[in-house]
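Asker: Two chains, two frames, some hints: make the complex.
Okay, here's what each chain looks like letter by letter:
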Amino acid sequence: MPEQTPDEVISAGGAGAGMDLAIEEGETLEKTPGGPEGTGPAEKPRSLWSDAWRDLRRNPVFIISALIILFLVIISIWPSLITNQDPLNCDLGKAQESSQPGHPFGFDGQGCDVYTRTVYGARASVTVGVCATLGVSLLGGILGGFAGFFGGWWDSILSRLTDVFFGIPVVLGGLVFLSVVPGSTVWPVIGFIVLLGWPQIARIARGSVITAKQNDYVQAARALGASNSRIMLRHIAPNAVAPVIVVATIALGTYISLEATLSFLGVGLKPPAVSWGIDISAAANYIRNAPHMLLWPAGALAVTVLAFIMLGDAVRDALDPKLR
Amino acid sequence: MADIDKEPVDATPNVTEVETVDAATEAEAVAAIEAPVAQGEPILQVRNLVKHFPLTQGILFKKQVGAVKAVDGISFDLYQGETLGIVGESGCGKSTVAKLLMTLERATAGEVFYKGQDITKLSGRALKAVRRNIQMVFQDPYTSLNPRMTVGDIIGETFEIHPEVAPKGDRRRKVQDLLDVVGLNPEYINRYPHQFSGGQRQRIGIARGLALNPEIIICDEPVSALDVSVQAQVINLMEKLQDEFNLSYIFIAHDLSIVRHISDRVGVMYLGKMAEIGTDTQIYDHPTHPYTQALLSAVPVPDPDARERRERIILSGDVPSPANPPSGCRFRTRCWKAEDKCATEMPLLAIPERFKSSDTPAAHESACHFAEEKDVVGAA
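Top to bottom, those sequences are chains A and B. All you need for my numbering is the position in the first sequence, starting with 1, plus 67. All you need for my numbering is the position in the second sequence, starting with 1, plus 60.
Bound-form chain B, shown alone (with noise of 0.2 angstroms):
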């Protein structure tokens, strides 16, 4: 875990400073977190988060041979009310940056601040708060339903744990009042989950997130494991749920078209970094990155005649492991434009020099030496 400090971990320069919030006492703490946070002001803002998992040898006398290095320096910003979206392939750290945000994992180094207040070394009462404001949507809605408690059980246990949020007698109601919020009938309220569908499980999962009233909703894949009809059920709900309530979302997922439809923001991983961050015109009408490129190539497109003019951009070799990754640029070993300064200079995430004076939508940050732009979709 030594050499997190031997890399440039601060690889966005141009992120704004965080205005933090000095709180003496956990009181303090607990009336920061409580403090409303105007529209489009960032709530949650996300500085050089690492998390390295170790890889240890022996059974009894374990010793550390190195770290998966699943989290390594991340920076983004949510504002109020905003969706941003987080997309890249299966194991480059989406679901660990969930985690991390949630406290379900202790981060290795860098900060999570929630309303100036770095939710990373918070404890007691303030983490509670905290997670009252943030909550969680499951990728899985068949493992994240307790299979022995009823759907009211289910979801009144969040009163249970936060019992200020509603009293004792009314709590039946309220959670009566969350099923029909998501579309389920009220009276299912002493079913168990299995006797639910995909779709209904994962509405009972958002009645859960939804019943402290947070002002954050992390989604996890929350509909890569369901049917496309019903994903599109559950994405409808969840937009509208962020209208009414007007929650902030940061929604991960590796389906483009998915985060395209309900992003404000769009954030590209790859390999436990961040490629390219931009609004979702920027990301995927102007994309710089060459592994935004990529990726976007390999989108389907329903149009036959779109499909035959547009270039498909493969690329060769598998993503390397986490534990031992590329020098310099993460993305050199299957980037076609990799040169030698690739691989000893780590480039930052920020805006391209050649870009920066310009006002087109390719004026985003991008973590490449090489940005330019490149018109995969075949949409022009």
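The following block holds chain A by itself, in its conformation from the complex (with noise of 0.2 angstroms):
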């Protein structure tokens, strides 16, 4: 490949019949706008994830729930950190009493200490989420993304089996599924909602695989010999994934609250357990009485959800290209 300056690139142009193509000599591009704010040649290589933690670092929204979530965290690993006290060592002469030292939420129905049992039952909440938010990405994640790159018979069936999926109440589901399946811990709670939470980011994976398997850069790819795997991994997969994570961080929110709604129902997790939501179903009944017993648990959990939401939220700001 001979060597060759940039001014000797653009030579004059002859004329077209009706169309003059004359263009001066030496109008280099360097010229012509390019980068945004004029970005110097030596600068850092950006992508689209350090563009987006760049806005999300001046995200308030995301900063707030970023702390939040670190928070829930951290009392989920280690629950001693802030309570030195055992959310099963409950005193009934106790019950129902109000705020007093030593113990600022007052204690429950059983006499237990409502801030210790609302400390301890982050844990479930967010081993809930994360777990099934794994879960259902990876298996929603990979079986859309099959589907939609290789359609045909595998799409059409996959495509049909998540209407099935969507036609289950999921409350009732949950029901059956939970009296069905034995065990008071998260994991049978968890293995429902991957198992019903799949079809959403599936079909969320499948759209965002179609749209970039169109893109001219699959093409060109193609036309190159690259190789399916190498097609899927390094064209496809980055340019479809972002909307499966901000659904998915959406949706750990949902998760939070589903395991807590079956909880509260009975069927999800089930004491000795501690979780938010077997907490809420006990104090309901005696809301006019002891309101404290309902509220911590149910700001706990509010909180928790709200905060997994708003981060979705932020990361979806950050990672559409359109807004920037």
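If you are wondering where the hints come from, they were derived from the structure by calculation, not from laboratory data. A quick note: this is a predicted structure, and the numbers were derived from the prediction, not measured. A portion of the hints provided could be inaccurate.
Stated by the list, open to error - Some chain A residues judged to face chain B by a derived CB distance under 8 angstroms, without partners named:
id, residue
1, 138
2, 280
3, 283
4, 286
5, 290
6, 291
7, 293
8, 295
9, 302
10, 306
11, 310
12, 338
13, 340
Unchecked claim - Simulated crosslink set (DSBU-like; lysine-lysine; CA at most 30 angstroms straight-line):
id, chain 1, residue 1, chain 2, residue 2
14, A, 280, B, 228
15, B, 416, B, 397
16, A, 280, B, 123
17, A, 280, B, 188
18, B, 188, B, 300
Where is the CB? At the ideal position from N, CA and C, for every residue including glycine.
Answerer: This is the structure we're talking about:
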């Protein structure tokens, strides 16, 4: 390939029938407005993710929700950091008593410390939220991605299957599934959410893979002789993953509230497990006599769900190139 | 798809016989593909190329109810070092031809011979060798570059797929050379596509096409998404690169002026068929097919006096559906010369009888029963 300076590149053009194609000698493209804010050539490469991260760091919604989530994750791993009591060590004599020194949130119907139970309840919610979201994203993302990429029979079967799953009412399905599957831990609940949640992600993944697949750069890679795996991993996956991440982050909040709903109904986690849903269920009958029993776990649940949904919203804004 | 055989697909009787190379093994096929071709010899020969897209009904149990005849039996030769322009209005099958030549779509019937090898039937190593030598520049510079990859990765990926072209340590420098060749600052190697303007992006697309040192570049409307001034830059760059690297171009466009500017020969397509093919002077100054004449009469004329003098041919009606094309001549539904013969007999792409013995520029291949010259541009 011979050496060439950019100034030699454009020679004066001739004239076509009815249109003058002549342009000035040496009108090189360095002069045309290119990168935003006059970025220098020595600057570090910027990707979508680094751009998104820069946006997020400046977004107060993201900072607040990230701090709440960080706090929740820490106390669900080490609840003893902020409480030194046992959530199962209860004294019936103190049942329904309101706050007193050492017990800021008061006591519940069994005489357990509401503050400690609220702190320990975060673990179930965070575990269900994170594990269910991971499971749903992996299963739905892979199934939907393959269906979108290969199309044909595989795609038809998967699309009809998602229709079937969308037809199942969540709470009714949960009641049936969890009364059949034994166990009072978080795992049957996570299994149920993954089973019912994957079609949502699969549809999003399928759609965004189909959109990405039609882009000319995929054709260009094919024209170069790229293999299917290279096209999928280097060209389609990076361009199709953003909507999946956004939907998964928002869904995480709804999975936490679904766990609480199922526990409230008595089929999710069961005592002696500690969960906000169980506490809300137990406190619901005493709302007029002892509202604190209900308000603290319900408030914690609301703040947690809100934090995850706000995070998802901020991530969506940061990943949307149309807003940039 | 069965009705392909009913029509006389062999609509180009006077194209030259293809000298095929019989390669028993893949290695022989690769060797044939790697062999050089002399200037002025045919490098790509298309024979009766057909692409029908099936129309299906039903969600689970699909049954075919028809076919969109996007390309319906076209034949042409591309010679080493020349530019063949292909023009025609939207939906006439130009882009499908490009995809067929790139084997991005598999042809329904017909052959594409590259150095005597039918590339529509190749696979594996031989197909990869063909892809090294036939590259493409895409229409839309905004969608033809992966927004998640840097310019260096986009161009450098060609060397990852074809590692024999550049040794590993040498690739970054080669990418910078390519950026330099297409007139971009080599230091932009770490930038992302969204940091460039449309014209710059198209240059990146051209650099990617050039990376493997191909012999043929298929340009599918490479400038229609660009501003007029930037179009000129890109066209001039492409002409310069053609001289420098001895490239053959197939240049697909709907802008007649640009095609005339860059092409040595021009083919006019209508509804999946070639209407007329010849050198640029033959097509632009001596068109014999009514469709070409109508197209040319629509080209804007900058001179007001010439504009007054020239005759404007305004076609009535729309392009018929390619799923249900008219019988006989495809153009007869909009042609002012159409007679009964046009509905029953498909005109073949051949030099018209009346011009056959003369050596006027009108003596070029034209698929019309009533081919005659008509000065539409008002140049004479």
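Asker: Checked against the structure, which of the hints given earlier come out wrong?
Answerer: Numbers 1, 2, 8, 11, 12, 13, in rising order.
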